[in-house]
Every structure is written in structure tokens, then in C-alpha cells.
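Q: Put chains B and C on the given structure of chain A with help from the hints.
Chains as they are written, first to last, in the working numbering: chain A, 1 to 417; chain B, 1 to 1000; chain C, 1 to 101.
Hints should not be assumed to be uniformly reliable.
[What the hints assert, rightly or not] Listed below are the simulated PhoX-like cross-link pairs for lysine-lysine, each with C-alpha atoms no more than 20 angstroms apart in a straight line:
{"hint": "1", "chain 1": "B", "residue 1": "Lys434", "chain 2": "A", "residue 2": "Lys65"}
{"hint": "2", "chain 1": "B", "residue 1": "Lys886", "chain 2": "A", "residue 2": "Lys269"}
{"hint": "3", "chain 1": "B", "residue 1": "Lys655", "chain 2": "B", "residue 2": "Lys918"}
{"hint": "4", "chain 1": "A", "residue 1": "Lys164", "chain 2": "B", "residue 2": "Lys634"}
{"hint": "5", "chain 1": "B", "residue 1": "Lys128", "chain 2": "A", "residue 2": "Lys18"}
{"hint": "6", "chain 1": "B", "residue 1": "Lys519", "chain 2": "A", "residue 2": "Lys18"}
{"hint": "7", "chain 1": "C", "residue 1": "Lys51", "chain 2": "A", "residue 2": "Lys65"}
{"hint": "8", "chain 1": "A", "residue 1": "Lys2", "chain 2": "B", "residue 2": "Lys128"}
{"hint": "9", "chain 1": "B", "residue 1": "Lys326", "chain 2": "B", "residue 2": "Lys388"}
{"hint": "10", "chain 1": "B", "residue 1": "Lys486", "chain 2": "B", "residue 2": "Lys388"}
{"hint": "11", "chain 1": "C", "residue 1": "Lys51", "chain 2": "B", "residue 2": "Lys434"}
{"hint": "12", "chain 1": "B", "residue 1": "Lys693", "chain 2": "B", "residue 2": "Lys887"}
{"hint": "13", "chain 1": "B", "residue 1": "Lys128", "chain 2": "A", "residue 2": "Lys11"}
{"hint": "14", "chain 1": "A", "residue 1": "Lys164", "chain 2": "A", "residue 2": "Lys30"}
{"hint": "15", "chain 1": "C", "residue 1": "Lys89", "chain 2": "C", "residue 2": "Lys51"}
{"hint": "16", "chain 1": "B", "residue 1": "Lys693", "chain 2": "A", "residue 2": "Lys164"}
{"hint": "17", "chain 1": "C", "residue 1": "Lys97", "chain 2": "C", "residue 2": "Lys51"}
{"hint": "18", "chain 1": "B", "residue 1": "Lys886", "chain 2": "B", "residue 2": "Lys693"}
{"hint": "19", "chain 1": "A", "residue 1": "Lys269", "chain 2": "B", "residue 2": "Lys153"}
{"hint": "20", "chain 1": "A", "residue 1": "Lys65", "chain 2": "A", "residue 2": "Lys226"}
{"hint": "21", "chain 1": "A", "residue 1": "Lys353", "chain 2": "A", "residue 2": "Lys232"}
{"hint": "22", "chain 1": "B", "residue 1": "Lys893", "chain 2": "B", "residue 2": "Lys692"}
[Said to hold, decoys possible] What follows is a list of derived Cβ distance ranges for each label pair:
{"hint": "23", "chain 1": "C", "residue 1": "Lys84", "chain 2": "B", "residue 2": "Glu761", "range": "21 to 31 angstroms"}
{"hint": "24", "chain 1": "B", "residue 1": "Ala739", "chain 2": "A", "residue 2": "Pro355", "range": "31 to 41 angstroms"}
{"hint": "25", "chain 1": "B", "residue 1": "Ile626", "chain 2": "A", "residue 2": "Arg386", "range": "29 to 39 angstroms"}
{"hint": "26", "chain 1": "B", "residue 1": "Asp581", "chain 2": "C", "residue 2": "Gly52", "range": "25 to 35 angstroms"}
{"hint": "27", "chain 1": "C", "residue 1": "Gly52", "chain 2": "B", "residue 2": "Trp755", "range": "29 to 39 angstroms"}
{"hint": "28", "chain 1": "B", "residue 1": "Glu984", "chain 2": "C", "residue 2": "Gly52", "range": "54 to 64 angstroms"}
{"hint": "29", "chain 1": "A", "residue 1": "Ser5", "chain 2": "B", "residue 2": "Pro510", "range": "31 to 41 angstroms"}
{"hint": "30", "chain 1": "B", "residue 1": "Gly218", "chain 2": "C", "residue 2": "Gly52", "range": "52 to 62 angstroms"}
{"hint": "31", "chain 1": "A", "residue 1": "Gly199", "chain 2": "C", "residue 2": "Gly52", "range": "17 to 27 angstroms"}
{"hint": "32", "chain 1": "A", "residue 1": "Pro355", "chain 2": "B", "residue 2": "Ile626", "range": "51 to 61 angstroms"}
{"hint": "33", "chain 1": "A", "residue 1": "Met1", "chain 2": "B", "residue 2": "His965", "range": "56 to 66 angstroms"}
If you're looking for bench data, these hints aren't it; they were derived computationally from the structure. Please read all numbers here as calculations on a predicted model, not as lab measurements. Using N, Cα and C, we set each Cβ at its ideal position, and we do this for glycine too.
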Amino acid sequence: MKRYSFLELAKNALSAHKNWGRQWRAPEPKAAYDVVIVGAGGHGLATAYYLAREHGIRNIAVIEKGWLGGGNTGRNTTIVRSNYLWEESAALYNHAISLWQGLSQELNYNVMYSARGVMMLAHTVHDVQVAQRHIHANRLAGVQNEWLTPEQARDYCPPLNISKDIRYPVMGAALQRVGGTARHDAVAWGYARGADALGVDIIQNCAVTGIRRGPDGAVEGVETAKGFIGAKKVGVVAAGHTSTVMEMAGVRMPLESYPLQALVSEPVKPAFPCVVMSNTIHAYISQSDKGELVIGAGTDQFISYSQTGGIHISNHTIDAICELFPHFRRMRMLRNWGGIVDVTPDRSPILSKTPVPGLYVNCGWGTGGFKATPGSGHVFAHTIARDEPHAINAPFTMDRFRTGRLIDEAAAAAVAH
Amino acid sequence: MSQPFRTEKGGRIDRAAQLTFTFDGEEMQGHTGDTLASALLANGVHLVGRSFKYHRPRGIVSAGSEEPNALVGIYRNGDQTPNMRATQVELYQGLEAISQNRFPSLGFDIGAVNDLLSPLFPAGFYYKTFKWPKSFWDRVYEPVIRSAAGLGKPPKNADTDVYGNLYAHCDVLVAGSGPAGLAAALAAAETGAKVILCDEQAEFGGSLLSEAGASIDGSTPADWIAATVARLSAMDNVTLLPRTTAFGYFAHNFIALAERVTEHEADPDPRLPRERLWQVRAREVVIAAGAIERPMVFPENDRPGIFLADAGRTYLNRYGVKVGHKVLVATACDTAWQAAFDLADQGVEVTAIADMREAPPENLISIARARGIRVEAGCVVTGTLGRKRVRSALLGRLMTSGQVASGGQVDCDAILMSGGWTPTVSLYSQSRGKVVWDAAKGVYVPGTSVQHERSAGAAKGLYGLQATLEDGYAAGEEAARAATGKTAVITRATATGGEAGSGGTLGAIPHDRNASRVKAFVDYQNDVTAKDVQLAVREGMHSIEHIKRYTTTGMATDQGRLSNMNALQIASGALDRPVPDVGLTTFRQPFTPTTFGLFAGVSRGDFFDPVRKTPSHDWAVENGGIFEDVGQWKRTWYFPKDGEDMHAAVARECKTVRDSVGLFDASTLGKIEVVGPDAAEFLERMYTNPWKKLAPGRCRYGLLLNDAGFITDDGVIGRLAEDRFHVTTTTGGAPNVFATMEDYLQTEWPDLDVWITSTSEQYAVAAVQGPKAREVIAPFVDGVDLSADAFSHMSVREATFCGVPCRLFRISFTGELGFEINVPRRHGQMMWETLATEIGKHGGTLYGTEAMHVLRAEKGYIIVGQDTDGTVTPQDAGMTWAIGKKKHDFVGKRGLDRPDLVAENRKQLVGLLTKDPKVQLEEGAQITVSETPATGTPAEGHVTSSYYSPALDRTIALAIVKNGHALEGSTLYVPMPDGSIPVEVTGTVFFDKEGARLNV
Amino acid sequence: MLLVYCPYCDVERAETEFSCRGEAHIARPADPTQTSDEDWVDYLYMRSNTKGLYAERWRHIHGCGRFFNAVRDTVSDRFLKVYKAGEPKPDLEAIAKEAGK
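One chain only, chain A, in its complex shape:
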């Protein structure tokens, strides 16, 4: 793999950039691999990368129905943070943060991890209680998170409307300074290039149509559009399509796939310095390096694989954005799109072995998978390589739904009284 650097860029400028090599190959699949990863999104590619890099397994294929990084990896709002409530979650996402911090160097690919801070707004007394609980829990767990008064929040994010007269005034905010954003495509591409250089075959435009199991029930390989591909181990990292793929192995999943929308404005000069999220009024927003305001909207109420959503969903989000940032009302939406998010009953992911020997699953990231990409791939690689979970993902089993040991981030923000 040719290293990327400014010097290399300058050198190549002299030859009109005609000598850059491929970032990844387009190989034909071999008859069999040690490990087949189904799904070349960020999580799948990261899994392959760490399998090759840290576990010495080089005979790996990542099989992708479409183009790599084309699912939720390329459709999300690129937020990175780790200020989750439960220790299990905080450990997982904080593991990811520690990898984010050196990822551009590790991959020799600028993934543009930008620790510009993620601010989560509190609008009600209940929100304040929930935010404080997060901050206390995070402090004990060693996860950076701090409380800001409305004035401090406005100082950190000058466009924020902290007027007391709005429908849901800002009562304060929890700020995670190490949170921020990263460039979503670069994450997929960086891992793809890194994995490819370690010998991983990334096979695009090749849908998996079946999972073959032997007489002992164990996985033998996958049926694909390009024929059968043998595999000792199969890791399914198929996001919204996980239920469909797991069904091929006869495994039912506690998942539902919803359309999630996001949108960007036309690009403007720097107007927004950080990431702001509001769970209560359903809005999250940041500004990309290109200058677009990147805004996350909600999910439709029904499952769908259409990668589009209803206009009333994005209307609702824009309502909230305009309420918090009234001068953005004259900005314009440039593009709106949808992803398919796989949601578990407790809104936490599954990173786990399955009842089928040799079959592993990484799914259920719901609306928040991007931020976990490096950590998820790292511990999932460990799980596949050792056939046992890493300490960090040990709680994220499928079995927790049977036992009732949920990791319920949503319930922790429950609103009643």
C-alpha cells in the first residue's frame, strides 16, 4: 500500500496524478475463506480490517450487495460521541472514541474526526435530571461529559436561541467535548483500503442469497450472486437487512427496520461550530466541512426498506431546528435522503455469537451506529477470531432479551409523571 502524505501528493502532482494506485482491488471471490463478512459498511469493513490486523486472519472476504459504504455508513449525520448512560454502552462507545482519536493515522487516511463537541440540550426539568444522571454516570465511568448553563451553551454555540420565551426554552446542556463528527465516506474507504492492503477481498455487487449450514448445524459458507463461497465463520453486519440475512440461517432476530431521514442545507460559510442534539424536540444538527448544515430527522412509524420517508417527519425536525436557530429559517434544504435503521427492543446493539456455530451477528445500532464504527469492528473481530466476546461486547448478546438483562438507553430517558 502506497502511503498517503502531503509529500506524496506533491510528488504525484508532478505526474498529473496519473500514478495513484487503486485504493482497493475488485477481486473475484475465491472458493472459500476463513471468514466471510456479509456487508461492506463501516462496521463490516472495520471488522475485516481488525481481523486481519490484530488476529492474523488474512483469508477474509467482505461481501456486499451494492457498493461499499453505501448503506447507513454513507447516509448518516456523522456524529461521534460516547456519553451514554449505562456502563456497558459507555464502555463500547468510549472504546470507539479512543480508536477515533488515532484513526486517520492508523489507516493513513484522513477520516476527519473533528472533536468539535456534542451538546445535548435539556428543555424540561426531567431533561435536566436525565442529563445530570448521564454526566454523573459518565464521570465515574471515565467518560468526558459536562453540564453547561444556557448562557454557557450559547457561548459554546452562538447561534443557539436561549430565549426564555420559546416553547421549550433551553434549560442547559450536557457537553461532550471529545464528541464531534467524522467524514463518513472516508471511514468506509479508509477501512476498505486498509483491509484490502492486508489481503482482504472486498467483493461488491454480490448479494448473499443463502447461508449454508452443515449437518452439525454449523456454518459452511454463503450462497451468493457469484456462486457458493465457503467459510468457516460468517459475520453478518448487514444493518437494516440483518433480519433478512439471518433468516437465511434460520435465525429470527429481535429487530425492526425503519426508514430514518437526514438532510443537508445548501453550503454556507462557517455558521455552526459544534454538534447540537435535542432529544426532547427531536433535532440534531452540525455543519459539514463543505459548509452544509447536516440535520438528522426521525424515523417513520412503520418498517420499510424504501430508503425514503414521509415529508411530515422532516417537517417536524425542521420545525425544531428553526425554533432553536431561527435565523436558519431562510436557509434552504439541498438534499434529503433515507437510510434503513435496524432497531432492537432496548435500542442497544447486538454484537454476539448466535445459536448457529460459526455465525456471528453485529446489528441493532438503530440511529446511532456510525459513532461506534471503529469500536464495533474491533470487538466484533475479537468475537469472531476467538469465538468468544471481548469483555466490552460481552453484555451485548442476543440472549439478553430472553433473560431480561436489557441495556435500555431509551427507558433511562423515560418520561412520565
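A: Just chains B and C now, kept in the frame of chain A:
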């Protein structure tokens, strides 16, 4: 008049109406009917902006909404709206426009140094560098990149304009009003169908507005348009929406339109919205979105003065503006020739027509020759000169070998180019239809309809005026028939002229220049060149989506409408795969950038989310109540007296309730009436508690779980009769409890004879709590014996309050003697004012939600959602007493038996007392065994509620603690940033543990 | 914004009048005490989440308030059949075949 490029006559502008406007502070003149672009061109202004990455000087390219370059800021009322397309901004008196993305000025832009450094900035360069040193990305590199990027400056002030919202239904929606659209609308309307016709432009007519030569039914195009629009507007079943873009095509034929209502006016009527969102459910849709011309990708094809050929024609024929005095026409298709002829006819010097085709149609050549225009066949533009405006072009001759030989240089002050036409398939694509490749025409056209729509005319690749009209009539007729089943004899017009042309090219134009030195732009705004696309392919980006994302081609504000097809062809060449194999990126809504305010509409301020108020609301406002938001409700948080802060007010309210009496508005609690022979059985199944033996007139605390076994809600339930229960829920939980009840009742137990009705809004509820509560209510209540024996704790009666029927509960959420009076909501204010006055006489107090929380915490009453969080079981909460032991089943019972719910070491609800009674714990604070826990120590639990208790004159707290019930009496720690706070684990009841105060 | 047909009211109305309540035909076990943990988790959480035809529950929450079932193609979001609660689950394959014609 100093508009050197204005024609002597012609065009649709009103020459009598002179308007003054400014561009970057310079005053200029234009006319009503001009766009900002046409007015600038009339004044000879071509340089209007700078490109995104290289800050190259850029001019107006098009005359429509696809404009990538001429983006300006429009000043109005002291603020600016960025990125407005000058080609769509209608001129008005006093319009102020500024150029963007330049510093210090449009003419001299420091950012242009990027253009010199461009060899260092190929596609995706930022992925390869800026990685070292690590800390520099967000501190140094990124801020520099960010300030260089972006286009206009965002608005500074809150937008004071209003935006409207309308829902509409129609039989046929026609999007686009060119010949096909007008014909379709007319045909559909003549059947009697309800028709909406919209067009993004200020005038209907589309391409016909620029058509000079043709005639329809013997009239000029302009007259035919006028007559047709007049006919349509006279029909009651037709809604005409100019300045209205169909920007989104959603599921089930739901189409969103953006109407610009006042933007074009100098003095907008303040009563009108700036824009209006139309959300239309159309039975059938006709997409008559037309086609747009493709630029030619030759070196330096981006200089100011280089236009799409049809734009040149539009400026001439529609706006009376010459794009130059000396114009070169470079084309690969017939239609650009007509532009050359029109220009020549208006006295503009056409220096040459360079057609890359070996043999352009003979008839065109002879018409050109007749006008004395030099014609060069097999000839391409291989480069241009002129920094801020094109001043000459290099020509090249295409050799049979595929090579290009130099063809000399021609002077020109404008170039019109045409690479052919691309049907506008955006709306079709948004409807989830799959476009198909038409190899003969070299374009993507709409394929099978997925929703109830059809494309007509140029939008499906059909050209020629007569053919387009016919297709429009047919589409309108067919749509109307599909929508209503009706047909009619359609009046059809016949056109002459406006013939379809042939020809077209895709991708990069061959040239004889040093390929590594020149830039031939594919995507103008994002500065993507043919080389960038080739580089992306070379680096392994083989999917068109990868190419798009890596190079950013097609990601500019025109969403690739000008660039996609050329990029695709270049990628196809680099990949050595046919175009249809490379694919096409998906078109997304909105069709053109659409104002956020339009989406938000009236949802602002108080309309952002409905405010729910209780009957005491206005009274509380007048009496100084401070409110908190609980869901959509405004609830009084506390009632400060003169000079009191919150702490003092709450302490006084609590103390007064315990000492005498307090009045609290409990109207927000959810209320559900459960009625029917099986009402008790239904509650038996829903709630953990037993209900069958509860006597009428008695109440019981009910605990609701989900089937997973976790607490979801609670509330007191009163039995009014054998077959009638009054159920209360938490304020926030009311809708969910009701929905859950309906769910189980309708889908699991449809055999039960029960009706449930949400009555939350039917009653106003006043809670009178405290030792003097009975004295306070007694004068007003009739029909019930209030004595302790006759009406004991946890009883309910139907009675009257001031003569109004009421449901009187004797219940308590404070631990004091308490009553809750439910009266019909319309009497709520009367009840509230009556009681508030009476309370005063007894030295009582009004109290708000905060005091309510303190009082209930002193008694260890939980708040679901605060002391529980969706992972808490009745056992955890110390409420096994609420479970009917003999019940075979209830919602959640089976869930409670699951392994983790019966495991050891679950977190349980306890009380906490700080060793120092003055120290108040923070809610949400964590609890540890160690006084000095290391980072990463798992917490034993957390503080759920924490208050200063006036009754105990010390702080109290509730907490969820691992194995907490067994830890009573032991010491734990609450680690805070400045050290740990030692706490003792206690029971959850802090005050009146025996409950003596309840039964008086 | 889907257009949903309510079989009780016999009207088509905008989706915002309705509440989608997930997969249909998942019955609560008749006797939960006799149900294994595995079967209980199936009832609680396991869903087909089908890409294709899916039978799901809707409630006309801002109308008649009643539950009904619908077969919808989760790829195109088209409704293919709407039926009242309590009616048996239709043959999805047959519906798919019919729609494919």
C-alpha cells in the same frame, strides 16, 4: 438608459417599467420581467461569482433553476439570503444583490490562489493529507478548509417572514407548464377533472416563452400561451400555481409544492406569507418537467461569458438581452443553431458555429450561410482565453483518427454551447421509478410507472413542438380518465416550427491540449473536472456513487442536473463499461433547494407544539406561578411569594401543607373510564393488583407493567360501580396507557365486554391536602358524608361541588388527609377560584409540582419515570404488595419470572440520608461502595430523587441501589467532583411511617 | 405520508390519523405460565421484519380508534390488502403473486 446589451425591441420585459437595482453596491437598471441574471447581462456584467474550490471567476451559464454558478446573496430588511440563483430572482425596484465566496472582492479574490495550487488539490486530496500532526486537524487544517468552503454567508437575524401551509387534493397534478404541461392541463381540465398546474417560473409557458419562430394554430407562441392560460384560469376546476416548484414526490402520490408568494415584490404585503407549502394528494400526476441542455466539457469551459446555447436564446427572445456582441456557437446538436440564427437576426455577430459533428444537417448549414455565418463542421472548442470574461476560443478539428488538430483561434465575447438535451427525470426518480437508458438518444428516460404518474414531452425525451403538444394532450386525457373515469373531446392545437433537432454528445470533448495542464469542468460549482472523474476511477472508485462522493460531482446545489450525464460518460470511458452499466445516482427531494421556513410553516413559537393548559392556568399566571413543561402541559412548578426564591417558596408550600392545608392542580393526570360487565376482569388482567373484590366506592393504587415485567405506569383507580372504574395514570403516560389498554382489549381479549374512554380532558382536578382539607372543602361539597368513618382514606363518591356534579376521591399523594375533586372541566376555573379563596381563609397555600414532589418523596411514593426508568420491577421498587398473589395472569407477570428479573443483586429502591443533614445530593448522582472509587468502577446505583425536606428539616433522597433492600443501615458513597458524600441506606418512607396522618 | 384505508370507517385518510403498531398475528400466549422463556421472548420481541409483503397492525387512532391489519410491501410501501382485526392472516404469497400480475 445604459444597458449596452439590451436589444432594441422584443422580449417579454416591460420596457416602460424601469427598475433600479444594485450588484455589489453598483447601481444598475433593468425592467419588470427581468430576472437578476438577465438584468446583469443587459448591463454587460458576466462575472457574478467564484467557484467553490478554486475560486475561479464564474458567470451565468443557464437561464433556469439548474444554474450552478450565478448564486448571489439578496439583501432585504437588513439581512441576506444566500445562494439565490440569479436566473430565478425576479427583478424588483431596489433589489440589492451581492456576490459570494470571494474576499476581498469579486474582481480580486485571494482564494483564487487555490487555482494556481490546483495541481495539489485533485479529487479527494483531503483524504490523503492533513493527518499530521494529529492535533492539527480540528485546530488548524479544518478551520482553514471550512472558511474557504461554503458559498454564501448565512443569514444573521431571526427570520421574521411567515410561511403558509396548504393541503390540497386533485384529480390531476401537472408539474411544468411548457407545451406538454399546458396541453396536459387543458386536456385534463376539459374532462371536468380537478386540475392543479404548477410551474417554477413566474410565467407559464416553459420553453415556449423563448420560442421565436414557431406558430400554434396560427398564433405566436406568446399569444397561444396567453389564450391557453386565460382558458385555464376561467375554469373553476383548475388551480394555477406559477412560481411553484413541485419539489418532492412521496409515497402514495403525495407531492409537495413550494410556492414563492412575495419574494419577487419590492414591497411585499406583510399579510402574505413569503412562501407557501402545498401538500397535494393527487390521484394522477403528469410530469412535464421538460429537458435541460448539457454543457460541453471542453478545456476552460467555465469562463464568464460561456452559456448554454438555449440560455442565450432565452435571454435574447424572452428578456431582450444579447449575451455578447460577438458570439461563438459550439454545439453537437441542431438546437443551438437556432440560437445562432436568432442572434444573427437581432444583429449580433455570430463569429462561427462550431459543430463537432462531421456533417450537420444541410438545411441548417444553408440557413447559416444565408445569414453569412461561418460554419465549421467536425470542429470543437479546445480552450478559451479571458480571465474575467471569455475573449477568444481555440478551435480544434476532429480527425478521423480521433486526434484533434489545431483549428485556430477566434475572438468572441460569448460562447453558446450545447451538448444536447437531458430529460428532467428527477420527479419520476423520486416517485421511485427506475430510469431506463435510451441508447439511440443517449439519455436516461423514465421507465415503468411505479406510482400514478406519467411523464410527457421533453421530460421523457420527446422533442418537437407538435409532438410535444400531442403527447401533452394524450397524457392529460389519460391522467384524467385514470383519475375520474371521464373523457371529453379535447380541443387540440396544431403547431408549425419548433422542430425537434438531432444530435448530442456526452462526456469530455477531445482536444489537442496538454491534458494534465488543462481543466475541463464537469461540475462547475464544485470544480470537478474530467480529470477528477478519471482519477477517481483510477483509484478504484468504480461505482457511480463512489465517483460522485469522491469527486463531489453532482453534489452541488443543482444536484448534478448539469453534470451527471457528462460525468457518467467520462466514468464509463474510464471504466470501459457502457453507461447503463455504470448506473445513475438517485435523485432526491427537493428538486431545487427549498427554504427551511417553508417546511416549518406555522410551527413556530406557541404553534411549535400545542400547549396544554389546566383550568387554573390563567389564575396561576396572574398569581405569580412559575411553570414547568411536562410533556405538552404547562404545570405550575411553585408559587413564590414576595421575594421568595424557589427553595424558600417550596419549603413554605410543603410546610403549610403539613401544618394546615394546600391546594394543587392535578388536572393533568391521565384519566380513563373503564366501563362494562367485564371492567373488573379487564383491570385484573392489565394491572398487577386484584380488582374484583374492590367494593364500589373504594379506591386502590394500581401498578401497570409491560409484558417484559417492568413498571410503566401507576395511578389510583376508583370503583364507582360494579361495572365502572375511574382509572388515573401519570401525566406523561396517559396516551400510552390508553393505547396499550386498547391494544390488549381489541386484539388480545376482544371477548371482554368493556368500553374504555380517555377522560383526561373531561375533568378538572383539584387536590386539597393537609390536616384542614376537610374543613376547606366541606362548605362546597354536597351529597357525601365527609366524616372519617363514612368516607375513609381510599374512597370515592359521586357528589356535587357548588352544585356541580363531581367525583370526590379521598386519596393522598402527600401523606396528609387529602381529597381530589373532579368536576367537569368547564367548571374547573370556578372550582379553582372557590378553593383558592377558601384556602386563604384557613392559612393554607397553593402548591406546585415541586412541593408535590417533595411531599410524596417524604412518604416514599414513587414517581414513575423518575424513580423508575423502564428497567425496574415491582420487587425492585419494594412494591411486591401491589401484586395480586393469587392472580393467574396479568400483563407483565410472565415477564417477571425471567432469569434476570429474579436474579440476585438487582438494583432496588431505597432511601438515602446524607451523614450531613445539610448536604443535598444531586439527582442522577452515582453511588459506590468505595469512598474513593477508581475511574471505571461500576456504580451500585444512582440517586433518583433528592430534596430538602421541610418536615424533617434535613435532606432526603431516594435511590436505586444494587441489592439495596439488604443494605439498609449501611454506608455508601456518592462520589462528586470535589469528593465523596457518605450516605446511609434507609427505608423509603421518611415521614409518618405509620401513616397515622392519612386516617384522620 | 402514506394514504391508509380504514376498513371500519370505509375511508382513506392520511397516515397521521393512524398509528402503526407493528407486526400482526403475534398472539399473546394463551397461558403465559406454561410458556417457556424462549417462547416468551418470541412473543415479546421477535419480528419477521420482512423485506417484501408484511402483515402489520394499524389503529385508526384519530378516527374510530379501532385496530385493523394491512398487508404492505415494505419495499414500495404499497398496501395490498386491508382487513379487520380478528380475520385470519391472508396468504401473503398468493397476494404477492396476484400483485405481480
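Q: If a hint holds in the structure, say so; if it doesn't, say that too.
A: Hints versus structure:
Taking the CA atoms of B/Lys434 and A/Lys65, the gap is about 18 angstroms. The hint holds against a cut of 20 angstroms. For the proposed pair B/Lys886 and A/Lys269, the alpha carbon gap of about 68 angstroms is over 20 angstroms, so the pair is violated. Only pairs whose Cα atoms come within 20 angstroms are accepted, and B/Lys655 paired with B/Lys918 is accepted, the gap being roughly 17 angstroms. With a C-alpha separation of about 14 angstroms, the suggested pairing of A/Lys164 with B/Lys634 holds against the 20 angstroms cut-off.
Restraint check for B/Lys128 and A/Lys18: the C-alpha separation of about 15 angstroms stays at or below 20 angstroms, so the hint holds. Distance restraint check for B/Lys519 and A/Lys18: the Cα-Cα separation of roughly 15 angstroms lies within the 20 angstroms cut-off, and the hinted pair is therefore satisfied. Our distance criterion of 20 angstroms between C-alpha atoms is met by C/Lys51 and A/Lys65, whose separation comes to about 15 angstroms. Restraint check for A/Lys2 and B/Lys128: satisfied, since their Cα atoms lie roughly 11 angstroms apart, inside the 20 angstroms limit.
For the hint pairing B/Lys326 with B/Lys388, the CA-to-CA distance comes to about 16 angstroms; that is within 20 angstroms, so the pair holds. Between the alpha carbons of B/Lys486 and B/Lys388 the distance comes to roughly 58 angstroms, so the proposed pair goes past 20 angstroms and is violated. Proposed proximity of C/Lys51 and B/Lys434 is supported: the alpha carbons are some 19 angstroms apart, at most 20 angstroms. The straight-line distance between the Cα atoms of B/Lys693 and B/Lys887 is roughly 12 angstroms, inside the 20 angstroms bound, and the hint therefore holds.
With a C-alpha separation of about 13 angstroms, the suggested pair B/Lys128 and A/Lys11 falls inside the 20 angstroms cut-off, and the hint holds. The straight-line distance between the Cα atoms of A/Lys164 and A/Lys30 is roughly 64 angstroms, outside the 20 angstroms bound, and the hint therefore fails. Our distance criterion of 20 angstroms between C-alpha atoms is met by C/Lys89 and C/Lys51, whose separation comes to about 17 angstroms. Annotation: proposed proximity of B/Lys693 to A/Lys164 is violated, straight-line Cα distance about 51 angstroms (limit 20 angstroms).
Restraint check for C/Lys97 and C/Lys51: the C-alpha separation of about 16 angstroms stays at or below 20 angstroms, so the hint holds. Of the pairs offered as hints, the one joining B/Lys886 and B/Lys693 holds, with about 12 angstroms between alpha carbons and a cut-off of 20 angstroms not exceeded. Restraint check: the Cα-Cα separation between A/Lys269 and B/Lys153 comes to about 5 angstroms, which is no more than 20 angstroms; the hinted pair holds. Straight-line distance between C-alpha atoms of A/Lys65 and A/Lys226 comes to about 11 angstroms, which keeps the hinted pair within the 20 angstroms bound.
Pair hint A/Lys353 plus A/Lys232 holds up; C-alpha atoms about 14 angstroms apart against a cutoff of 20 angstroms. As the CA atoms of B/Lys893 and B/Lys692 are separated by approximately 18 angstroms, the hinted pair is consistent with the 20 angstroms bound. A C-beta distance of roughly 29 angstroms is found between C/Lys84 and B/Glu761, which places it inside the suggested range of 21 to 31 angstroms. The given range of 31 to 41 angstroms is respected by B/Ala739 and A/Pro355, whose C-beta atoms sit roughly 34 angstroms from each other.
The given range of 29 to 39 angstroms is broken by B/Ile626 and A/Arg386, whose C-beta atoms sit roughly 57 angstroms from each other. Remark: the range hint 25 to 35 angstroms for B/Asp581 to C/Gly52 is upheld by a beta-carbon distance near 27 angstroms. Distance hint for C/Gly52 and B/Trp755: a CB-CB separation of about 38 angstroms, consistent with the stated range 29 to 39 angstroms. At about 60 angstroms, the CB distance of B/Glu984 to C/Gly52 agrees with the hint of 54 to 64 angstroms.
The hinted range of 31 to 41 angstroms is satisfied by A/Ser5 and B/Pro510, whose Cβ atoms lie roughly 35 angstroms apart. For the pair B/Gly218 and C/Gly52, the beta carbons lie near 56 angstroms from each other, so the given range of 52 to 62 angstroms is met. The given range of 17 to 27 angstroms is broken by A/Gly199 and C/Gly52, whose C-beta atoms sit roughly 37 angstroms from each other. A hinted range of 51 to 61 angstroms holds for the C-beta pair A/Pro355 and B/Ile626, which are about 56 angstroms apart.
A C-beta distance of roughly 59 angstroms is found between A/Met1 and B/His965, which places it inside the suggested range of 56 to 66 angstroms.
In summary, the structure is inconsistent with hints 2, 10, 14, 16, 25, 31 from the numbered list given earlier, while agreeing with the others.
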